[in-house]
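Protein chains in written order, with my numbering: chain U, 1 to 457; chain A, 1 to 587.
No lab work stands behind these hints: they were computed from the structure. Worth double-checking, as some hints may not be accurate.
[What the hints assert, rightly or not] If you anchor each label on the Cβ, the simulated ranges turn out as follows:
no. : chain 1 : residue 1 : chain 2 : residue 2 : range
1   : U       : 98        : A       : 197       : 47 to 57 Å
2   : A       : 66        : U       : 418       : 21 to 31 Å
3   : A       : 123       : U       : 98        : 44 to 54 Å
4   : A       : 127       : U       : 98        : 26 to 36 Å
5   : U       : 177       : A       : 127       : 56 to 66 Å
6   : A       : 227       : U       : 98        : 53 to 63 Å
7   : U       : 1         : A       : 477       : 48 to 58 Å
8   : U       : 180       : A       : 484       : 32 to 42 Å
9   : U       : 98        : A       : 565       : 18 to 28 Å
We put the beta carbon where it would ideally sit given N, CA and C, even for glycine.
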Amino acid sequence: MILAVVIFALVIGSVIFHFASPWWFTDIVSQWDSVDGVISITFWVTGAVFVLCNLFLAYCVYKFRQKPGHKAVYEPENHKLESWLSAITTVGVIAMLAPGLFVWADFVTPPEEATEFEVMGQQWQWNFRYPGADGKLGTADTEFISELNPFGINPEDPNGQDDIVVNAPEMHLPIGKPVKALLRSNDVLHNYTVPQFRVKMDMVPGLVSYLWFQPEVTGRYDILCEELCGIGHFIMRGAVVIDTQEDYDAWIASQPTFAETQAMAAPDLAAGQAQYAICASCHGAGGEGNQALNAPKLSGLQDWYIERQLNHFKTGVRGQTEGDLYGASMVGMANMLVDDAAVRNMSAYIASLPDIPAQPTIQGDVANGADIYDRNCAACHLDNGNGTWYTDAPKLAGMNDWYFVTQIKNFRSGIRGLHQADPYGEQMVSMATAMAAKNTDDTKEMEDVAAYLNTIR
Amino acid sequence: MAYVPLADQDHEQELHHPHSWVEKYVWSQDHKVIAIQYGGTAVLVGLVALVLSLLMRMQLGFPETFDLIDPNAYYQSVTMHGMIMVVYMLTALLLGGFGNYMIPLMIGARDMVFPFLNMLSFWFYLLSVLILLASFFVGGGPTGAGWTLYPPQTSMAGTPGHDMGIVLMLVSLAVFIVAFTMGGLNYVTTILQYRTRGMTLMRLPLTVWGIFVATVLGLFAFPALLVSAIMMMFDTLLGTSFFMPAIIESGTPMDYEGGSPILFQHLFWFFGHPEVYIVALPAFGLVSDVLSTHARKNIFGYRMMVWAIIAIGGLSFIVWAHHMYVSGMNPYFGFFFATTTLIIAVPTALKVYNWVLTLWEGDIRLNAPMYFAIGFIFTFIHGGLTGLFLGNVVIDLPLSDTYFVVAHFHMVMGVSPVLVIFAAIYHWFPKVSGRMYHEGLAKAHFWITFLGTYAIYLPMHYLGFLGVPRRYYAIGETDFIPASAQTLNESITIAALIVGAAQLIFIFNILWSLRNGAKADPNPWGSASLEWQTPDTPPVHGNWGDKLPTVYRWAYDYSVPGAKSDFIPQNMAEEDVEMEDSAAKGA
Chain U
1 MILAVVIFAL VIGSVIFHFA SPWWFTDIVS QWDSVDGVIS ITFWVTGAVF VLCNLFLAYC
61 VYKFRQKPGH KAVYEPENHK LESWLSAITT VGVIAMLAPG LFVWADFVTP PEEATEFEVM
121 GQQWQWNFRY PGADGKLGTA DTEFISELNP FGINPEDPNG QDDIVVNAPE MHLPIGKPVK
181 ALLRSNDVLH NYTVPQFRVK MDMVPGLVSY LWFQPEVTGR YDILCEELCG IGHFIMRGAV
241 VIDTQEDYDA WIASQPTFAE TQAMAAPDLA AGQAQYAICA SCHGAGGEGN QALNAPKLSG
301 LQDWYIERQL NHFKTGVRGQ TEGDLYGASM VGMANMLVDD AAVRNMSAYI ASLPDIPAQP
361 TIQGDVANGA DIYDRNCAAC HLDNGNGTWY TDAPKLAGMN DWYFVTQIKN FRSGIRGLHQ
421 ADPYGEQMVS MATAMAAKNT DDTKEMEDVA AYLNTIR
Chain A
1 MAYVPLADQD HEQELHHPHS WVEKYVWSQD HKVIAIQYGG TAVLVGLVAL VLSLLMRMQL
61 GFPETFDLID PNAYYQSVTM HGMIMVVYML TALLLGGFGN YMIPLMIGAR DMVFPFLNML
121 SFWFYLLSVL ILLASFFVGG GPTGAGWTLY PPQTSMAGTP GHDMGIVLML VSLAVFIVAF
181 TMGGLNYVTT ILQYRTRGMT LMRLPLTVWG IFVATVLGLF AFPALLVSAI MMMFDTLLGT
241 SFFMPAIIES GTPMDYEGGS PILFQHLFWF FGHPEVYIVA LPAFGLVSDV LSTHARKNIF
301 GYRMMVWAII AIGGLSFIVW AHHMYVSGMN PYFGFFFATT TLIIAVPTAL KVYNWVLTLW
361 EGDIRLNAPM YFAIGFIFTF IHGGLTGLFL GNVVIDLPLS DTYFVVAHFH MVMGVSPVLV
421 IFAAIYHWFP KVSGRMYHEG LAKAHFWITF LGTYAIYLPM HYLGFLGVPR RYYAIGETDF
481 IPASAQTLNE SITIAALIVG AAQLIFIFNI LWSLRNGAKA DPNPWGSASL EWQTPDTPPV
541 HGNWGDKLPT VYRWAYDYSV PGAKSDFIPQ NMAEEDVEME DSAAKGA
């Protein structure tokens, strides 16, 4: 009796929940309304079956519950009824399947006029490539992958020279034109998903998969990885910006071609050295750092990392958050580097300084620090703490332990890494937050990791 | 069919009689003791997996609150929870536990055909569990590659447990499959060869049919998992490239070339999809028998039910790639697999209709086993219908890899079979233990579990519609997930913690009732099937005393018109059935 009432209530409650729920599909921004159409058909068919079957179940439980003097009816089978039920079910299944297959046929055959772009996934970054003026992407292979050629574009392939390479997790597309995404991975399985587009596909190392869509609404949308790809899976984020044709043209023109990235002039170390004189007053002539002035050691850092941070200071991505006292003082200094060439020269000069490990200043539980480091940090910063361009992770071993602790605190408290233009910083915010509960103020775990890093320098 | 029952040679059979306590309860060859060993181990390891799921829920519901759940531990919990529940809990409990206990008793046999092999099967299973649990104690911990163990990440630096953990997982699976094969061959042979006189195939209870077809599926499906485990082990330890293309690890090229990660997915799901039915079919069988007994009515459409089980079993081998619609395999496969997948809905729906029609015009006894069985119908309808979304290839595009998938498969192969398992444990407890369970506690257990799991999984589907991805340690900032999703996650977590805690009621009920439950009648439910007709309760070694039973009818003679009793046991001859006097009959 109660059971019948509860089942009845659950059916009604589920229907109410469905219609009252604020949680539903995001507004679609591609042309795939047909996908939503099939969902809608399926929803109504299955919804009707759900309500009817369960209400009938509740009715049976209520009506035929055991009562004195009542006896069940003996009825082994009823062919007519069973045949009818099979037939109705088959019709319902066809009603859902047939439109689904038509839409799928549409999905597997991208229109002729669709322009291609490439998405390259790797632990835990997104990179994008567009064909240049020739409309063709150059061939690529894992064997060509290096710090200077992260896409592995075949340097001999003429089609690849004018390819536009976007070595950052933000891509743009023009509105109203069909596009075909060619999906690749460098390492493990990933998945290219933009929920508002309604389509997704895995990215598989060793092959090129694809999907297509036509953006219909301008805006900035998240790209998520939706195939488990290691501990950084949940922080593998990117963004796609749907532009008007005009904005898109301007954006794509500002991106370098493959040939340009390969032919960049060697940095001028002498110029970097000349400019470094002013840095030396705090960071030391050898880049060794000075804790009294809160200036961290620079020597040993990779040039691409220094370059990125200097640019962040210059463009207000870093150093302008309230509470970032020492970062703020870097803003003015970085702005003394007038152009990109100056930043590159400076970065190259610092990277060329001899790397003498910093003196340890922090004691801690090395074993615990090693455990935390292995579980959370090593996947990007490597077991030896040297970091790598591949994961955009800077060197940690042999750097200043006190600076390390300060920065982890900054990431955890939102002082660093939350700016939209600092996607790698955002990854660090997530990881630094994950390392320990946010509401604990003590720095013990960070100090343990710092102490461990001191042992592997 | 020319079938000569081995039962006719009963007097020539010799049972292995135990000579000591150790032989009786430890190195036992009695199918009933082995069943309890299997079932007990499965429940214990299932509790471990339950705790892991609660750890995950605590992180998702209350992120940044619990220190011990870092991404590493989270992904390890995801992986171990999934693998333990699917393989080491559900498969082992339904086949090793229920299969072992029910088959000989339901078909009128004294034991399995190969009792020694049966014993070995359990000990290999236990060994596989111990190897699996050992991975919690090795450096790097258990693997965190997800229960699907997709390469290449399984053995790469960014994945937890990529060195020892994954190897132990693969070894444990291989040992489990050895155990399953020994048990499985035994079940199939026993059902085909050891049926007693008169027990034709079309008189078997649906429990036996479900277990039989599930075991056949397992014998064909597990080898695919075994070879993929061995190939992956070669890739990991010997440097072969079955599943490994040329890839980069932390900026350095690895020493692999030419392998295919998708090949692994095909092998895995060639096992993985039948695995769903390896769990579901025994549950279908068990619940059919519970429903029929307590509705005091024959199962409706028995022959259709048998053919549906066989059809589902057959079809389950040609739907596997619906798990791979967005895997990057050739997308044209989608047409074929969407069609086969939706076809499988037809026999499955018929089973649901027949369960409900079994209740129609019944005389439904609403006790705890029946509560669970009826609850199962509700959750299975829900979970089955959401499968039509995911199976219809184009809907899988937005919903794949979201919480909709998590909600769907937990509803259909988590909650549903588990409700059946509880129904079955309460239903057969009097026969197994000789005592009654506590009805009030069992019903309390039902209400919390049934309502609690619905409170967990109904809203979870909506997180999926919204597009919240699964296997995320934390959602973080996005442009499309509203803050209210976190509130929903909190409530799901609270419901999960309550449901988790409620399982203690079950454990307590079982343990308490074993000692203090009221003495049970040999056949307290008035059940017609053979296992309730044993001369001793609980049945003793050899099951049937001096003489094997003879079967005269199917297992569902409830409320037969004219008969005095509202059930006629399978082993009662036509002439022994007491009829109502003709006056009453006319009325």
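Each hint, compared with the structure:
1. U:98 / A:197: 47 to 57 Å: holds (51 Å)
2. A:66 / U:418: 21 to 31 Å: holds (23 Å)
3. A:123 / U:98: 44 to 54 Å: holds (52 Å)
4. A:127 / U:98: 26 to 36 Å: Check failed, 50 Å falls outside 26 to 36 Å.
5. U:177 / A:127: 56 to 66 Å: holds (60 Å)
6. A:227 / U:98: 53 to 63 Å: violated (37 Å)
7. U:1 / A:477: 48 to 58 Å: holds (49 Å)
8. U:180 / A:484: 32 to 42 Å: This hint holds: roughly 36 Å between Cβ atoms.
9. U:98 / A:565: 18 to 28 Å: violated (51 Å)
Hints 4, 6, 9 from the earlier list are contradicted by this structure; the remaining hints agree with it.
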